[in-house]
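Enquirer: Residues per chain are reported as follows:
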Amino acid sequence: MQITEVQVKKTAALAKLNLDEVEIKMIKSQLQELLDYAEILSGLTFENRENDVAPFDFKPTELQGPRLMQDEVLALSPDSNQGMIRVPRVLGDD
Amino acid sequence: MTELRNLSLSALTNLLQAKELSSRELTQYYLDLSNQQQKVLNAYITITDDIALATADRVDGLRSRGSDLAPLAGIPIAIKDNISVQGVPNTCASKILANYIPPFAATVMERLTGSPVLGKVNMDEFAMGTSNKTSAFGFVRNPWDLQRVPGGSSGGSAALVAAGSAPVSLGSDTGGSIRQPAAFCGVTGFKPSYGRVSRRGLVAFASSLDQIGPITRSVADCALVLQAICGHDSGDSTSAQEPVPDFSSFLQEDVTGLRIGLPREIFEKCPDRRISAAVELAALRLQGAGAKVTWVSMPYEREVLAAYMLIATAEASSNLARFDGVKYGYRGKGRTVEDMYTSSRVFGSTVRRRLMLGTFALSTEYCGECYDRGKRTAQLISSHLDQLFQEVQVLLLPTTPSVAFRLDEEQDPLTAYYNDIYTIPANLAGLPAVSVPCGERDGLPIGMQLMAPRFREDLLLRLGYTWQCMTGWHLPFPREVE
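Sequences listed follow chains A and B, in order. Each residue of the first sequence is one higher than the one before, starting from 1 at the first, in the numbering used here. Each residue of the second sequence is one higher than the one before, starting from 1001 at the first, in the numbering used here.
Hints listed in this document are in silico derivations from the structure and should not be mistaken for laboratory results. Keep in mind it's a predicted model, so treat the numbers as computed, not measured. Hints should not be assumed to be uniformly reliable.
[To be verified] Think about it this way: if two alpha-carbon atoms lie no more than 25 angstroms apart in a straight line, the pair counts; the simulated DSS-like pairs of lysine-lysine are:
1) 16/A with 1095/B
2) 1292/B with 16/A
3) 1292/B with 1269/B
4) 10/A with 1333/B
5) 1269/B with 16/A
6) 1333/B with 9/A
[Claimed, not checked] Ranges of calculated distance between the beta carbons of each label pair, as one might list FRET restraints:
7) 1415/B with 2/A: 16 to 24 angstroms
8) 69/A with 1272/B: 50 to 58 angstroms
9) 1273/B with 22/A: 47 to 55 angstroms
10) 42/A with 1299/B: 53 to 61 angstroms
11) 1391/B with 70/A: 50 to 58 angstroms
12) 79/A with 1242/B: 53 to 61 angstroms
[Stated by the list, open to error] If the Cβ cut is set under 10 angstroms, some of the chain A residues that face chain B in the computed set are:
13) 1
14) 7
15) 19
16) 25
17) 26
18) 27
19) 30
20) 46
21) 68
22) 72
23) 77
24) 81
25) 82
26) 85
27) 89
The C-beta atom is built at its ideal place from N, Cα and C for all residues, glycine as well.
Could you put together the complete structure from these sequences and hints?
Expert: Written as structure tokens, this is what we have:
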């Protein structure tokens, strides 16, 4: 699998990472090396089994326990106002 | 009185219970050592003197009034900085969480409520690394050789316990991050079975692989800590319902008839012959003590690493998506919310690379079934290990392919992953595993790893305890920080 700079840039956008041109080139070659190594898995064959993405029994249960109150959550946020977390504009002009 | 750091956790609890020693005295002793050695080792991110002493005083007060206390009440402990301690910064060694103070305590901390927290311990950023060089708060030094790494990602934890400035530390292990630094620092590091210890309050790296576990000076000490922290938690949806046995009851000095398997390919291909020889010698000594040792086959070294790379990074990509500057943590500047997201995600280079690989692996357009293929490979490996455990009861192998490497040694990404090549299988299959010291190479510790079927920590405790009764590799302190 050959990775291109376009793919690196698109992946960075998906991962919400700011990469400069130097980083893009460096990460491209590092990713290529790691992906080449991982190619070994494409030679494996797997039987068609149910529930075989977990190597052990896993039955998700509903979480229980205390939850944070609104003021506790807002105390953690970088910017809040009137009970809400404030962020830069999502839609529209400045 | 024998110097306190030479005493086991059991001996320390006896002194506390007999009121021959107060928790304040014990906590102050370790705080003094921690503060002295911090300038050399940089093993802490935050030392919590006041909080530790307040807890110690509270426990001393309860004890003087005859209250029933947990076995480890009053025993100081150091906590890796990705495990939430209420009211104390939980940085994950990252600029992003440098000022994040959790409003809740991790479940493991609730179960250790009487243990004074000495501080939050340095680590690789977001638990990604094998050297403790990726921390935004500076690297940690190995107390056996200050020019070498302590390992990672629980490098600070292993360094503290090795140097004697904490009797126990909690670390986390995703691909070997408890066991590898334990091996590099000559201490005992235990990764429990997946699901044994609640992950609630552990900042997630790879949710299907992460486990919290103890780093201590002995297997016996590990048993006491496991007793305190193991058990079902309804606040963790992956927490096992498995009953918690009396772990200390398995500390018997007897391995008669215990079937031990040595993975042939690992010993044959180990790049450092002195490491494989030391571990083989250990196996022979255990055979002399009555164990039955046999060679087995584990021929999938490359597949293990490839599966781990895809699974761990993909899950990390998903887990670390939450660090976007919105609800907590560092918020960068941005005219738009999208700009804010990207300017907030100021990860170090190792984390950035792993997130890129993981995001690529999850991208249907580019990588199709990458993650799924990784998980199915993990299932194949797990099934093979299940078959091996029909022939033997415990696997014995080196913990690491090398001893601690130099701080100034640059490792390419693939080589860095390779540091965990022997520890990763236990994470992929959810198995318990422990690293114990078994020798030395040019003054640097060598660790051997014991691995058992899921929920069979008893076998590891029995074998590890016997080994430590026969030998003294776990006893010395390094002279570098004396």
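Enquirer: Would the hint on residue 77/A be counted as holding, given a Cβ-Cβ threshold of 10 angstroms to chain B?
Expert: Constraint on residue 77/A satisfied, holds at 6 angstroms.
Enquirer: May I ask you to test the hint 50 to 58 angstroms on the CB atoms belonging to residue 69/A and residue 1272/B?
Expert: Since residue 69/A and residue 1272/B have Cβ atoms about 54 angstroms apart, the given range 50 to 58 angstroms holds.
Enquirer: Take the shortest C-beta to C-beta distance between residue 46/A and chain B; is it under 10 angstroms?
Expert: holds (5 angstroms)
Enquirer: Is the interface hint satisfied for residue 1/A? The criterion is a beta-carbon contact with chain B at less than 10 angstroms.
Expert: holds (8 angstroms)
Enquirer: Please verify whether residue 16/A and residue 1095/B have alpha carbons no more than 25 angstroms apart.
Expert: holds (17 angstroms)
Enquirer: Residue 1333/B and residue 9/A: Cα distance at most 25 angstroms?
Expert: holds (21 angstroms)
Enquirer: Are residue 1273/B and residue 22/A spaced within 47 to 55 angstroms by their CB atoms?
Expert: violated (40 angstroms)
Enquirer: Could one say that the CB atoms of residue 42/A and residue 1299/B fall in the range 53 to 61 angstroms?
Expert: violated (18 angstroms)
Enquirer: Does the closest beta carbon of chain B sit nearer than 10 angstroms to the beta carbon of residue 89/A?
Expert: With Cβ-Cβ at 6 angstroms, under 10 angstroms, it holds.
Enquirer: Using the nearest Cβ pair, does residue 72/A come within less than 10 angstroms of chain B?
Expert: Holds - the Cβ of residue 72/A comes within 10 angstroms of chain B, reaching about 5 angstroms at its closest.
Enquirer: Residue 82/A was flagged as interface toward chain B. Is the shortest Cβ-Cβ separation under 10 angstroms?
Expert: Violated, about 16 angstroms.
Enquirer: Is 50 to 58 angstroms a correct range for the gap between the Cβ atoms of residue 1391/B and residue 70/A?
Expert: Holds, at about 57 angstroms.
Violation of the numbered hints given earlier is confined to hints 2, 5, 9, 10, 12, 16, 24 and 25; the remaining hints are satisfied by the structure.
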